[in-house]
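*Asks:* Protein chains in written order, with the working numbering: chain A, 74 to 500; chain B, 74 to 500; chain C, 74 to 500; chain D, 74 to 500.
Worth double-checking, as some hints may not be accurate.
Identical chains share a label here; the pair holds if one copy fits it or two copies do between them.
What the hints assert, rightly or not - Derived pair list, reagent style SDA-like, types lysine to any residue, alpha-carbon separation capped at 20 angstroms:
#, residue 1, residue 2
1, Lys146, Glu210
2, Lys146, Val134
3, Lys311, His469
4, Lys311, Leu346
Simulated from the structure, these hints should not be mistaken for lab results.
Number of protein chains: 4
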Amino acid sequence: MSHQATLDDLVSLRRDLHRHPEPAWREFYTTARIVDELETRELDALYVGPEILDADERMAVPDDDELDEWFEKARAAGAREDILERLAGGFTGAVAVLERGEGPTIGLRVDIDALPITESEDEDHLPAAEGFRSENEGFMHACGHDAHATIGLGILDAVAASDFQGTFKVFFQPSEERVAGGKAVAEGGHLDDVDYLLALHVGLDHPTGEVVCGVDGFLAVSHFRADFTGAPAHAGAKPEEGNNANLAAAAAIQNLYGISRHSDGATRVNVGLMGGGTATNIVAEESYIEGEVRGATTELMEYMEGRAHTIIESAATMHDCDVEISVEGKAPSARSDDALRALVGDVSESVEGVDSILDSDELGGSEDATYLMQYVQDRGGLAAYVGVGTDHPGGHHTRTFDVDEATIRIAIDVLSGSIDRIAAEQP
Amino acid sequence: MSHQATLDDLVSLRRDLHRHPEPAWREFYTTARIVDELETRELDALYVGPEILDADERMAVPDDDELDEWFEKARAAGAREDILERLAGGFTGAVAVLERGEGPTIGLRVDIDALPITESEDEDHLPAAEGFRSENEGFMHACGHDAHATIGLGILDAVAASDFQGTFKVFFQPSEERVAGGKAVAEGGHLDDVDYLLALHVGLDHPTGEVVCGVDGFLAVSHFRADFTGAPAHAGAKPEEGNNANLAAAAAIQNLYGISRHSDGATRVNVGLMGGGTATNIVAEESYIEGEVRGATTELMEYMEGRAHTIIESAATMHDCDVEISVEGKAPSARSDDALRALVGDVSESVEGVDSILDSDELGGSEDATYLMQYVQDRGGLAAYVGVGTDHPGGHHTRTFDVDEATIRIAIDVLSGSIDRIAAEQP
Amino acid sequence: MSHQATLDDLVSLRRDLHRHPEPAWREFYTTARIVDELETRELDALYVGPEILDADERMAVPDDDELDEWFEKARAAGAREDILERLAGGFTGAVAVLERGEGPTIGLRVDIDALPITESEDEDHLPAAEGFRSENEGFMHACGHDAHATIGLGILDAVAASDFQGTFKVFFQPSEERVAGGKAVAEGGHLDDVDYLLALHVGLDHPTGEVVCGVDGFLAVSHFRADFTGAPAHAGAKPEEGNNANLAAAAAIQNLYGISRHSDGATRVNVGLMGGGTATNIVAEESYIEGEVRGATTELMEYMEGRAHTIIESAATMHDCDVEISVEGKAPSARSDDALRALVGDVSESVEGVDSILDSDELGGSEDATYLMQYVQDRGGLAAYVGVGTDHPGGHHTRTFDVDEATIRIAIDVLSGSIDRIAAEQP
Amino acid sequence: MSHQATLDDLVSLRRDLHRHPEPAWREFYTTARIVDELETRELDALYVGPEILDADERMAVPDDDELDEWFEKARAAGAREDILERLAGGFTGAVAVLERGEGPTIGLRVDIDALPITESEDEDHLPAAEGFRSENEGFMHACGHDAHATIGLGILDAVAASDFQGTFKVFFQPSEERVAGGKAVAEGGHLDDVDYLLALHVGLDHPTGEVVCGVDGFLAVSHFRADFTGAPAHAGAKPEEGNNANLAAAAAIQNLYGISRHSDGATRVNVGLMGGGTATNIVAEESYIEGEVRGATTELMEYMEGRAHTIIESAATMHDCDVEISVEGKAPSARSDDALRALVGDVSESVEGVDSILDSDELGGSEDATYLMQYVQDRGGLAAYVGVGTDHPGGHHTRTFDVDEATIRIAIDVLSGSIDRIAAEQP
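Okay, chain A solo, but in the shape it has when bound (with noise of 0.2 angstroms):
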């Protein structure tokens, strides 16, 4: 029979998760660990790295050095080799699959990456307290992907222990918090045949014993960045020599800002990170920005993201330049099926621990569960975002976040029950 974890087990997992947070397709250690683990279940099958995603719908992946370096820290930390070497080039992630016989085929997606945050050293800090704060400095879990990928694998144990009929994957999936991921991984081939997705997500500000049974508002969100290029020059002797690429994507900024509010919902966007220019004295040749926009769905996204880019372009050819863009993170909106939402509360009735049922919640923000969540959609499955709470002591992204451990236990007994139930009732 295969290994099976205990509560102990799991806080171990999570803790060592914690102490060795990594950013988007950089989760070599995290990857390696989880694997680890995973062989050392009874699977029908198990895929790691470059076989789990759309290698050519990756967004944001780093360059070699940077992957270099991450690939050699897991390493140093005490990876597993010849796991690592099936994650070169940064392809981390994996999905573990179950086959228990005639039954729908369900998928469960969480998430593994880290934040580019540095972890709160104070001693009210429970990780720094205990030991188990970030050994990757600038580095931290702000969000609960630890806990996540953890629930992960005890949610298979679980699954695994039941009497469970039908397929069961388990979706480890790297770069979620970039939105770099979802959409490789939703169009890698593996969910092509799941009937039913469910999607976890920790904390979202509602404590521990309090489960929202199916989020919904996620806003579509695009991630852009725009490189400028001019012409410099010597900005006393010969200033009309340059193509100010500075003044470009200043104009960009300004127009982005005004793109026209939009009646059928909300939108946003934002130039979060510009710069550019080499000297006082020198025309910018050089500048970029980095921003997003969003849209209360993905039509609305689009809409600003068409209205951006073309504003983009004319302010470089407003002023000379050439411009760059790639589009560097990006989600659609989402549902949680109705369905999937009674049922997910039905369950949590019964489960220890679980104190409050709220049937939804709005996100309010973006997250690319959507993308594997609207493939099972478009296929005719059903799909729901579940939040389980827990009492976080400061809030997402920020350096004291912290997860209630309590909640492993009521996260696994939540989401294998739905599934049991799904597969049961086929809903």
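Assemble the complex: chain A is given as a structure, and chains B, C and D must be docked to it using the hints.
*Replies:* Just chains B, C and D, lined up with the frame of chain A:
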């Protein structure tokens, strides 16, 4: 009798300085090397570091970490420890004084700093071919200040060996490239009794053998840096809570370029550098711009500076941000006096190797020797900025710039001859 | 007994008003015609012009020349001289009061002004075909306020003829199209004792026979005008002496559209009008912009308004200009009360010609009836804004808009029935 | 023998022209009056209206309604019907030719149009006091072209009465104030054989008795108008359907002022006029800007013009608008030839009333006499622009401008003397 450098000595010194290029306020090795030389001469006074300038008027002084790094680099390169100690805190530069009886006080100003440019490794580039390429990678004497310092020492020796009557002071001024040192040295006290001031520059697109008796057309300049501070916010969830520092900077850039032309003469404006923000999905809390304004006269520069500050402050207010503006460098305009121009021309006639003498030429750029010139002129003295041609393969401020070392002797003869003549004729 | 208009009378009245469309604060003929009608009824009170509003709260009042011109036009069209005299200074509108014993005080608000639109001359356009096209060229009842005033009179007659017990007030409000009259009327004193308020609008893209019991989704709005004053200068000879009012306006426009979206709901911004300058070769001394901000709630509108004023003032400061900002119109958001909504629906069930009843619909625009609704609601009363469908060939605010006159009778029945029922049930 | 005007006649003529100021291409009365005078002389040729210019090169021609209005005004003022007919369509201006045997062909250019300025009614303003104030309210000879036309006639008479040998042509050029007529006249054929060209201007801040032998410093200029067309939309209900013409214009304005300064010399840019939109709540469908660019040389003006057009087109594209750009006026730079300058100075020495002779002065503005000067110079001829001082109480282009009529005689003597001398000496 005082030590007297041979031409070979001077070429060696220039090449040693060329190997150790140091940027503004970090000329530790350079100053130590010059002072070491000066101490072998019979001087009447030698002022070093804080003794030569008004500390309050230094602009663009780097932070302590940066200063320490270069201090250690100078120590490692063999700079004399006892001199280095006198330069702590970025107090570089020196003033050497000869007193030779009754007569006028004459000053000579040379600058000693280098540029943040990576020197060519090409075989055709003499310093690379002959082994005196920059050892401070990323920095380079690309404007001939290594030659200026060397020539300053040579002139001191020549005047000392002549029948000069009066007082002669050589100002080895730090931090010209950022026009950040001239004002502090001008107001350091040592110019108060100077009756005549000469400054010199090699090259300026004039070949070896050509002398420009008095350069004019200095654009007055002011370098500014503006740091915008707003409030961060999640661009998807709470965009209205952000005070957008990137947008404030963009509004400033757009409007700075729109400052009205002036009917009194040429003006310039450039935002050479910009940056801001932390992530695509965060409204930027901080941003900055660095730039410069210039004018054909000091008044025109001040018109531009006044308008620029108003625009920057309004752009901040407009987007509910704060802004701090700092002046990072500044230089007035100035004119060479005709009496000195004529005298230099006359002396040059009989200098061997001089085959072309121009009365004047336009610099078309900025220089903070103008602070020293103006200081002397405002007190009734005369000043001239002398150009000594040199064949330079690459342009000024390019990675293949180099000085024809034959210029060293010519410059010493032209300037020391002029100084002797000034003392004799007191024009 | 009081005069009672027949349906034919009402159609004639509507067509007469349609022939004399008058814009905000210039409804001289319209008011005189209404008052003339009212004086034939047995009213308990009739307030005219300055008696109905708080004069300090009028917005966007035209200058005297403009008022005089329309005053004369009304006189020439045959308006009663004695009534006209009471309207001098642009004090248009009236309030009619019926007192019928014990019972609640119920108000009905109708608006009476027209739009600056040139009416179609097309044969297919009924007013053109049947000879009641606008006689004030360039102005038109393109939003049905001619019908509103007529319906108001019809309801007054119907209530007077019923067994209504209580007090009934009809507010013939001027200057709705510019949202410039609602506030003044709301604060005019006559609402202080009103327990229930109904307002009505025909059309709104609903066909004849459809009733919307309580319209919601009023965008709060604020109209602004900003007048920039700089200094003129010859653009060739002395450009630097100009303080450029056109440039200030352009900076304001660019940045107004960039006000951040708000996570609490929909916002809007528009600079609909701009103008400035006198000649190509003169730096513009004067310029102006006129625009509006809106919000799904009053708070959101105020957020937009606050940001807009900061931006406009900073744009002026930025370019050394002065600016005067005036609020030219304003309306809060509001909601129809559910109790009235239900009652209106119930009454409509038995009105002949009503074949579709909608509980609510979104206006998606702005209306200053909201001032009156809010005034009543703030004092514990109830209010509803009732939509009465009408087949209108062209859209609202287009030159082919027209009202299906069958609507007049339906509207009178729905509203007078509701008023009787409110008095009886006091919900 | 030809009629010869006395000084009294000339003063009368000037005052008559002053009473009938007419703007560009509408100089119907003015041309008719001049032609009427010319027909009393013995001329060898007289060209009127379409015969003097290249019709395709006329700029800024008003529309037919506007032309008709002024045509009727001229008729009403008593202009000769037979001459008026030759001017139909805005073909104003005339060329008079004297042939006096062998000798060079010499041209004289005077301009005849007025400005859209309301003339002062002040008692101190001589034309008001003496009854020859403008009868075309809102228009005024505020730049002395009434005197120019008069002086042109006086010079013709003087040359005719002298022993001049050669051919002499006087160009009465329309539409200088908008720099819209010079090009058409330059290319009209009558300059092809001109060897020497003189142009003249009174005043220019020089007092009566001062002559400027050759004015220089003409800024080349190009006037543009850009009409933006977007799509209208209701700003509250459907803002996203608008293509915002006001926003496009604002983006254009902001960026036009940001065109880089040029190291070759002075440039200018101004958007003097702007307008757009129909209502605060409508996204503007149409807007326009009118402005100008200038340069110290024709090349600099063309640099500005090229950049301006790119910016305007990009601003339109940026906001999904179309734009049409038209050139409404244009003039190159030019220089007065030194040989003529010297000759005029020499002649002026002996002219009674001349007490100050300046070799040259800078205009600092624009003039389309430069088209004619350049046309002659390009074909090997010489040209000079002569300034004849006049005491003018108010500045040029102000409502109190007036000409000291003593200047008329001085100008005739200086110019006719110069023409005789040119013919004699052929410098």
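*Asks:* Going through the numbered hints above, which ones does this structure break? Give me the numbers in ascending order.
*Replies:* Result: no hint breaks.
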